[in-house]
Each structure stands twice: as C-alpha cells, then as structure tokens.
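Chemist: Single-letter residue listing:
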Amino acid sequence: MIAEHTEEQASLYVLGLLDGHEARAFEAAVAADPELAALTASMETGAAALAWTVPPRDPPPALRARILDQINRGDDAPAAKVVPFPRSTPWLPWAIAACFAVMAAWLYYDTYHLHLLLDSFIYRDRRNQAELSHIQAQQLDLQNNLADTTTKLSAMTQQKAAAEAAVESLRNQVAALQTRDTLSQIKIATLASMLKNAPRAMAVVAWDPTAQRGVLQTLHMPPANANQDYQLWIIDPDYQAPVSAGVFDPTTRSNFQPLHPIAKADKFAVSLEKKGGSAEPQGPIVLVGE
Amino acid sequence: MSEQTITPEPPEAALLQRVARGDSLAFDQLYTRWSPMLYGLVCKILNDPKEAEDALQDGFIHVWHKASSYDPGRSSPTTWAYMIFRNKAIDRLRSLDRRGRGIERIAEEPEHTGPSAGPEEGAETSERRQVVKSALESIPPDQREAISLAFFSGLTQSEIAQRIGAPLGTVKARIRRGMLKLADVLKGKL
Numbered sequence: 001m002i003a004e005h006t007e008e009q010a011s012l013y014v015l016g017l018l019d020g021h022e023a024r025a026f027e028a029a030v031a032a033d034p035e036l037a038a039l040t041a042s043m044e045t046g047a048a049a050l051a052w053t054v055p056p057r058d059p060p061p062a063l064r065a066r067i068l069d070q071i072n073r074g075d076d077a078p079a080a081k082v083v084p085f086p087r088s089t090p091w092l093p094w095a096i097a098a099c100f101a102v103m104a105a106w107l108y109y110d111t112y113h114l115h116l117l118l119d120s121f122i123y124r125d126r127r128n129q130a131e132l133s134h135i136q137a138q139q140l141d142l143q144n145n146l147a148d149t150t151t152k153l154s155a156m157t158q159q160k161a162a163a164e165a166a167v168e169s170l171r172n173q174v175a176a177l178q179t180r181d182t183l184s185q186i187k188i189a190t191l192a193s194m195l196k197n198a199p200r201a202m203a204v205v206a207w208d209p210t211a212q213r214g215v216l217q218t219l220h221m222p223p224a225n226a227n228q229d230y231q232l233w234i235i236d237p238d239y240q241a242p243v244s245a246g247v248f249d250p251t252t253r254s255n256f257q258p259l260h261p262i263a264k265a266d267k268f269a270v271s272l273e274k275k276g277g278s279a280e281p282q283g284p285i286v287l288v289g290e
Numbered sequence: 001m002s003e004q005t006i007t008p009e010p011p012e013a014a015l016l017q018r019v020a021r022g023d024s025l026a027f028d029q030l031y032t033r034w035s036p037m038l039y040g041l042v043c044k045i046l047n048d049p050k051e052a053e054d055a056l057q058d059g060f061i062h063v064w065h066k067a068s069s070y071d072p073g074r075s076s077p078t079t080w081a082y083m084i085f086r087n088k089a090i091d092r093l094r095s096l097d098r099r100g101r102g103i104e105r106i107a108e109e110p111e112h113t114g115p116s117a118g119p120e121e122g123a124e125t126s127e128r129r130q131v132v133k134s135a136l137e138s139i140p141p142d143q144r145e146a147i148s149l150a151f152f153s154g155l156t157q158s159e160i161a162q163r164i165g166a167p168l169g170t171v172k173a174r175i176r177r178g179m180l181k182l183a184d185v186l187k188g189k190l
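One line per chain: the protein sequences are W and R, in this order.
Oh and the first sequence: position 79 is 79 in my numbering, straight run, nothing missing.
Oh and the second sequence: position 177 is 177 in my numbering, straight run, nothing missing.
Listed next, the in silico SDA-like pairs over lysine to any residue satisfying Cα-Cα at most 25 Å (straight line): (1) R:Lys181 <-> W:Gly16; (2) R:Lys133 <-> W:Gly16; (3) R:Lys181 <-> W:Glu8; (4) R:Lys181 <-> W:Ala130; (5) R:Lys66 <-> W:Gly20; (6) W:Lys187 <-> W:Leu177; (7) R:Lys189 <-> R:Pro141.
Far from chain R by the CB rule (all over 10 Å, computed), these chain W residues: (8) Phe100; (9) Met103; (10) Gln143; (11) Ala162; (12) Ala176; (13) Arg200; (14) Ala206.
These stretches of chain W come out as covered by chain R in the derived footprint (C-beta under 8 Å, 3 or more residues): (15) 14-26; (16) 31-44; (17) 51-59.
Derived by calculation from the structure, the hints in this document are not laboratory data.
Ideal Cβ positions, reconstructed from N, Cα and C, are used throughout, including at glycine.
From just these sequences and the hints, can you work out the full model?
Modeler: Structural data, given as structure tokens:
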C-alpha cells in the first residue's frame with residue numbers, strides 16, 4: 001500500500017515538478033521499493049500520453065543530416081574553450097586548477113553529505129508517517145472495540161437487572177407459597193365446656209406443628225381459685241399421658257409451647273390444677289376438643 | 001510477373017538495442033520513425049522552431065548515448081522517448097526563462113485532435129492516439145488542466161497554482177488523482 005503523500009511525490013516527479021533534492025530522494029526511494037517503481041513507471045506512461053495529443057510535424061530535412069553527422073563524428077560533447085596563460089607564470093594555471101580541485105572536492109563532499117542527511121530525514125519522515133497511519137488505524141480499531149464493548153456491557157447490565165428483578169419476584173412468590181403452606185398446616189381446635197356451672201365456657205387453640213407452638217384464646221371461663229391454675233394439655237398417641245402445654249391466665253390470649261415434641265395433636269384439653277400446674281393431669285377436665 | 005516482398009519493420013525496442021550497440025543505421029530508422037511526433041512535441045512546448053530544432057537535436061544525441069539505459073520492463077520505447085524529449089524541451093524553456101528570453105507558453109489543454117493532421121502515420125499510431133484521447137476524456141477537466149500545464153508549460157507547482165487560481169494543495173491533489181487515473185486507464189495500452 002503506497003501512502004497518498006508518496007503517490008503525490010510520484011506524480012510530481014514524473015512531471016518534473018520536484019526540486020533537485022526532492023527528486024534525488026524520490027529516486028532513492030524508487031530504487032528501494034519495487035511497488036513504488038511500478039507506480040512511477042505507470043505514471044510516466046500516463047504523462048507521456050499527453051504527448052500523443054500533439055499533432056506530429058516534420059522537422060527540417062537539414063536537421064537529420066546535422067544529427068547524423070554529429071553522431072558519426074563523435075564530437076557531440078561540447079569542446080571546452082582553452083584560454084592560454086602567460087608564459088611568464090607557467091605554475092599559475094596548475095595552482096589555480098589545484099585550488100579549484102580542492103574546492104570542488106570539498107563542495108562535492110559537503111553536498112554529498114547534505115544529500116545523505118536530507119535523504120535520511122525524508123526516509124525517516126516517510127517511516128514516521130507510515131507508523132502514524134498504522135497507530136491511527138489501531139486507535140480507530142480500539143475505539144470501535146471500546147464502543148462495541150460498552151454497548152455489550154450496557155446490554156448485559158440491563159439483562160442483569162432484569163434477571164435480579166425476576167429472581168426477586170420468584171423469591172416473593174416462594175415466600176408467599178411458603179406462607180400459604182404454613183397456614184395450611186395450622187390446626188384449629190375448638191374446646192367445649194365440661195363445666196355445669198359454666199356451660200358457655202369455651203376455648204380456641206391454633207396449633208403450628210412445624211413451629212411446635214400454639215395460641216390459646218378462652219371465653220366465658222370462670223376465674224380459678226387463688227390456689228389453682230388452668231393448665232392446657234395436648235393428647236398425642238405417641239405418649240401414654242397428655243403432654244403439658246403450661247398454665248395460663250384465662251382472661252388473656254396465651255402463647256404456649258408443649259413440654260415435649262408433638263408429632264400428632266389429636267386432642268387438646270384444659271384441666272384445673274394446683275397452683276403452678278402438674279406434670280400429669282390430676283384435677284378435673286374443664287374443656288376438651290379436637 | 002515479379003513477386004513483391006514486404007519486410008516487416010523491426011520493433012522499436014529492437015532498434016533501441018541496436019542503437020545501444022552503436023548501430024547508426026538503426027538510429028537513422030528510429031529518427032525516421034520518431035522525429036515527426038517528437039518534433040511536434042518540442043515545438044508545442046517551446047513555441048519556437050529554432051529552439052525546437054535544438055531540443056530535437058539534444059534529444060536524439062541523448063538517445064544515441066543512452067539507448068542502453070532503456071528498460072523494456074518499465075515503459076514502452078515511445079513513452080521513454082517522449083519523456084526524454086519533453087524534459088529536454090522543458091529544460092531549454094526554463095533555461096530561456098532564466099536568461100530573460102522567456103517565450104510564450106502555449107500549452108494549457110491537450111489538443112484532442114485525434115488522428116494526426118500532420119505527416120502520414122500508421123494505423124497503430126492512429127489507434128494509440130484514439131486510446132489516449134479516450135483516456136484523457138475520462139479524467140475531470142480540472143485535473144486534466146493541472147496535468148497539462150505541468151507537462152507542457154514547465155511551470156513550477158506554485159506557478160501552476162497561481163495560473164489556475166487554486167491553492168497549492170488542491171493543485172497537487174488534482175495532479176495526483178489525474179495521474180493515477182491516467183495510469184490506470186492506460187495500463188498495458190501504450
């Protein structure tokens with residue numbers, strides 16, 4: 001791939017529009033680059049095409065003879081005029097010639113050195129331009145990649161937010177289902193009165209077998225004597241005797257927890273026991289229910 | 001009844017090879033073949049018959065001495081010759097300018113004359129002129145103008161920019177695009 005600047009140099013070179021230094025530097029570049037040499041040759045063909053547009057004209061016949069005569073004589077090189085020096089100073093022409101030779105050598109060396117430097121700068125400039133173009137292309141690629149990655153990241157962030165929302169929704173649904181499941185396991189029992197003096201007395205027990213806890217609410221219960229307490233019992237077939245769920249105050253709603261783990265709460269019962277309660281039912285049963 | 005034998009003309013590249021070996025007969029043949037088109041070219045550039053004659057002489061002497069430098073892989077013999085004679089004429093034009101003998105530059109636009117109005121030329125040459133005419137017509141006029149000025153007038157880049165009233169960068173870009181297009185269109189045709 002030839003840079004635009006180099007193409008421009010080639011076109012200007014072919015048309016003789018580069019100055020001496022530029023032309024020499026370009027010729028050096030052409031010598032080192034076959035692709036550039038091919039481009040330059042094709043441009044020369046393009047330039048020469050302009051000459052084809054000029055109508056031909058016959059030159060004067062005498063010109064042919066003049067040219068043929070010149071090449072046949074071999075004297076086409078212009079002859080240098082010789083100016084004789086005075087005889088009295090025979091060394092002077094040699095001295096002047098020597099001075100000129102030294103000056104010419106020095107000028108040649110200096111010019112040659114300058115040309116080398118210039119060529120070096122031009123080559124460096126071309127290389128730097130090529131590197132700059134390469135870096136700019138890489139920068140453009142990176143910018144495109146960054147834009148692409150940013151777009152993808154944005155899309156992924158949105159996907160993540162949507163996924164989190166979905167997970168949260170599922171969690172809520174699971175929690176709701178768990179609540180519904182827990183409620184479905186709650187056992188509600190109504191305990192009826194066994195007391196003749198308080199036939200309207202009753203109690204409602206809500207029992208959560210998973211949590212092994214329950215709530216007791218009594219109604220129309222006569223107060224117990226000062227030396228007695230009402231005590232709640234749970235009848236589980238795994239145990240020979242009812243399991244105590246503790247004494248309670250009949251005037252308020254009570255939370256209870258049985259003394260032993262309950263696998264199956266067949267029945268609930270309330271008895272009137274001595275103050276502080278008993279390990280097993282000893283007093284009369286006042287309420288019972290399934 | 002006698003048989004008439006037609007001997008084909010040797011190719012220009014072969015003539016150049018012979019010239020490189022010092023064959024003056026081959027040189028004479030090349031002169032016969034090339035001098036009308038090259039004289040037309042230097043006349044157009046120099047616009048002065050005497051100067052054109054000198055340029056033509058310089059060019060052919062150059063051909064005599066430098067025929068061995070012709071590279072057939074690089075260009076056709078005609079392209080090679082055109083560029084030599086064009087450069088000789090431009091050098092002469094600039095030299096005249098420096099000596100204060102500037103002559104009016106005549107070429108600004110190529111003449112789309114098609115087949116020659118001058119000396120008789122072969123069918124091949126006529127065909128080439130048609131190819132070139134088509135190629136030049138394929139590039140935009142502003143590019144063609146910049147290239148023509150550069151080719152025929154010997155003006156510098158800045159002088160061309162001043163002549164056509166465009167910035168230097170624009171002139172360079174026109175020349176680059178036009179030359180690339182011409183090179184592309186004419187690839188393998190001349």
